[in-house]
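Take any residue in the sequence shown, note its place counting from 1, add 13, and you have its number in my numbering.
What the hints contain is simulated information worked out from the structure, not anything from laboratory work. Just to be clear, a hint being listed does not mean it is correct.
Said to hold, decoys possible - The following label-pair restraints were derived from C-beta to C-beta distances:
#1 Glu44 / Arg67: 30 to 40 Å
#2 Gln69 / Ala48: 27 to 37 Å
#3 Gly45 / Trp78: 44 to 54 Å
#4 Gly50 / Arg18: 56 to 66 Å
#5 Gly66 / Thr23: 35 to 45 Å
#6 Pro98 / Gly66: 50 to 60 Å
All C-beta atoms in this analysis are idealised placements derived from N, C-alpha and C, irrespective of residue type, glycine included.
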Amino acid sequence: MLLTRAVNKTGELLMSLCEFVVNRYVIPVIEGQKAEGRAEVRAEGRVEGRVEGREQGLAEARAEWQAWNEHRLAAEREGWDFTEPTPQG
14 MLLTRAVNKT GELLMSLCEF VVNRYVIPVI EGQKAEGRAE VRAEGRVEGR
64 VEGREQGLAE ARAEWQAWNE HRLAAEREGW DFTEPTPQG
């Protein structure tokens, strides 16, 4: 019984020290890395790259459909059967 109080107080002291170390040293490092990561994303232009990639993909799809439609119209003018599948499948 005499040791129980001493062990509890020692545990409380160790937990307090652990929380102090985490709050003082670990959390600022993590927050700094998060902020640095956000800055890198902006610097590398990943967000802009996604927009450009989407625009490029849409332009490519539009070009495929345009070519397919030109073939279809040419076949229609010549009176041929047009059996070419659509660009999407």
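Hints, one by one, checked against the model:
At about 32 Å, the beta-carbon gap between Glu44 and Arg67 stays in the expected band of 30 to 40 Å. Checking the proposed 27 to 37 Å range against Gln69 and Ala48 shows it holds: the Cβ atoms sit about 31 Å from each other. Roughly 48 Å separates the CB atoms of Gly45 and Trp78, a value that falls within the hinted 44 to 54 Å. For the hinted restraint 56 to 66 Å between Gly50 and Arg18, the CB-CB distance of approximately 46 Å leaves it violated.
Under the hint 35 to 45 Å, the C-beta atoms of Gly66 and Thr23, about 58 Å apart, miss the expected range. Under the hint 50 to 60 Å, the C-beta atoms of Pro98 and Gly66, about 26 Å apart, miss the expected range.
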